[in-house]
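Colleague: Residue-level listing of the chains:
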Amino acid sequence: MADPLLRVDNLVRRFGGILATDNLSLEVPRGELHAIIGPNGAGKTTLISQLTGQLMPNSGTIHFAGRDVTRLPSYRRSRLGLARSFQITSLLKDFSAIDNVALAAQAHDGHSFRFWGNARKEKHLRDTARAALERVGLGSRADVLVSELSHGEQRELELAVALATKPQLLLLDEPMAGLGVTESARMVTLLKELRKEFTIVLVEHDMEAVFALADRITVLVYGRVIACDTPDAIRRHEEVKRAYLGEQHAVTRQGGPIG
Amino acid sequence: MKSKLNASNAVVAVVCAALVLLPVYSAVTGNIFILTLFTRIIIFALAASSLNLMMGYGGMMSFGHAAYLGIGGYAVGILAAEGIGSGFIQWPVALAVSALFALVIGALSLRTRGVYFIMITLAFAQMAYYVASALSRYGGDDGLTIYKRSTFDGLINLSDRTQFYYLCLACLFGGVYLIWRIVNSRFGLVVQGVRSNEQRMQAIGFPAYRYRLTCFVIAGTICGLAGALLANNTDFVSPAVMYWTRSGDLMVMVILGGMGSLFGPLIGAIVYLVLEELLSQFTEYWALIMGPLLLLIVLFARGGIMGLLGRVRRG
Chain P
23 MADPLLRVDN
33 LVRRFGGILA
43 TDNLSLEVPR
53 GELHAIIGPN
63 GAGKTTLISQ
73 LTGQLMPNSG
83 TIHFAGRDVT
93 RLPSYRRSRL
103 GLARSFQITS
113 LLKDFSAIDN
123 VALAAQAHDG
133 HSFRFWGNAR
143 KEKHLRDTAR
153 AALERVGLGS
163 RADVLVSELS
173 HGEQRELELA
183 VALATKPQLL
193 LLDEPMAGLG
203 VTESARMVTL
213 LKELRKEFTI
223 VLVEHDMEAV
233 FALADRITVL
243 VYGRVIACDT
253 PDAIRRHEEV
263 KRAYLGEQHA
273 VTRQGGPIG
Chain E
800 MKSKLNASNA
810 VVAVVCAALV
820 LLPVYSAVTG
830 NIFILTLFTR
840 IIIFALAASS
850 LNLMMGYGGM
860 MSFGHAAYLG
870 IGGYAVGILA
880 AEGIGSGFIQ
890 WPVALAVSAL
900 FALVIGALSL
910 RTRGVYFIMI
920 TLAFAQMAYY
930 VASALSRYGG
940 DDGLTIYKRS
950 TFDGLINLSD
960 RTQFYYLCLA
970 CLFGGVYLIW
980 RIVNSRFGLV
990 VQGVRSNEQR
1000 MQAIGFPAYR
1010 YRLTCFVIAG
1020 TICGLAGALL
1030 ANNTDFVSPA
1040 VMYWTRSGDL
1050 MVMVILGGMG
1060 SLFGPLIGAI
1070 VYLVLEELLS
1080 QFTEYWALIM
1090 GPLLLLIVLF
1100 ARGGIMGLLG
1110 RVRRG
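Protein sequences appear in the order of chains P and E.
For the numbering used here, add 22 to where a residue sits in the first sequence, where the first one is 1.
For the numbering used here, add 799 to where a residue sits in the second sequence, where the first one is 1.
Derived from the structure by calculation, the hints contain no laboratory data.
Glycine included, every Cβ here is placed at the ideal spot set by N, Cα and C.
Every clue listed holds true.
Now the in silico label distances, taken between C-beta atoms and shown as ranges:
{"no.": "1", "chain 1": "P", "residue 1": "Asp165", "chain 2": "E", "residue 2": "Gln998", "range": "18 to 26 Å"}
{"no.": "2", "chain 1": "E", "residue 1": "Val813", "chain 2": "P", "residue 2": "Asp165", "range": "25 to 33 Å"}
{"no.": "3", "chain 1": "E", "residue 1": "Ala826", "chain 2": "P", "residue 2": "Ser162", "range": "56 to 64 Å"}
Build out the structure end to end from the sequences listed, making use of the hints.
Modeller: Here it is in structure tokens:
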């Protein structure tokens, strides 16, 4: 098989005495939807932040598209095609929806040391932005200020922003956090569409969604990978059941054939 | 944004028209004082506008912006004292030195955030103040008298009150126009995006630091121009123009008029300096009245005067 799109080797990150990422290795081949699950405090967001460069690891390496990106700042990784969505919605609140997306497109369209022309009138940026908004179902809300969008719409906008950076890999940090039942269902449908086109790393608490979407699942506990396998194998995995799934009765019920 | 026929636009239009016509009024009535006062106001409005670019749009709360007033002024003053009177040399030097100073200060202080940023910009401005005080060759503490205004042979005579007034006004309008273009450009959107959410901007691929630093330098350079104008206006430059209270005045003008509003600093400068002038005729404790007024604006009108006016719609 060819080189994986993302390869993480022996990643370590400490916070004081706590090992948030404990000698973690991971491979995500092109085209895969790879879910990362684990109880609260397992170090999922810490991992994502190291993948995107917001946080530097103490040791270990990260290769993306065949390149060592371990020490690259986040904006450089974004330019290589690594996009993230944030667990806690992180948008430009005093900008309109389309401005948020157009800025993402602008970041990947040459430099922005242009001081004179009106950026809101650059047609190709607006078109890219509009297409990304349509894609996530926000086409009619383009000119609404982010602060006036509903929580669900903001989650969708997070995705549109990531899409507009022309990513090779989408890192989605709990895209369903705080969504209602219908909104979650919409998000799952959307992710099913996107996975045809993008390699995705998905961190998510909604087990139903994870098991429905993932090709493979990595289970993190205390910063360590305790299992990495297909959804069916993960359901049967003894250590996973003990460490994680066992606590969540809802999962057992919804997830079906566990134990 | 769509242009709206609201109170704030109407006020701005009236104020700008009045500023253009002011020399006529002054000539007809023989009121020279008002022309002098407004020349000063216009210069400070330019300085405040440059601070607004950085503070209102860029989210960088610099508490040392008056340093550039002094640097621009000293560039003119020192060159004049050394016998170089041509504005074609003085002014480019004033701008270049301001830009260079901003580049160095910005490169260091933009590595910090929040209160530290405020303190470090304040500290650098105070350093500039003390350096100027120590320049005994150029007047030191007492300041430096400029015996001859910058000369622009054949172009404009700065010693002519009306010509100088119009030059200042042209600089202000030019500066505001430039800021307007910048704010709506690619660069401007990036800077405003970084103000709103720096982490997000990094994550979508912008090296935020470079853009903030560039904005810092542009703002400093425009303020350096205001400094060159101010020195010519007073025929004098002293360390006092760089003192931290001066930076505070500029901040107050921006906040009073409306942070992040294009004409806010102009309105703020007019209200602040006219009030100062009027109140100081009654009492030397004019700040006692100005203080509570500012407090009211900050508490009840977040967008300053422009914000207040913006809420009053016509039709």
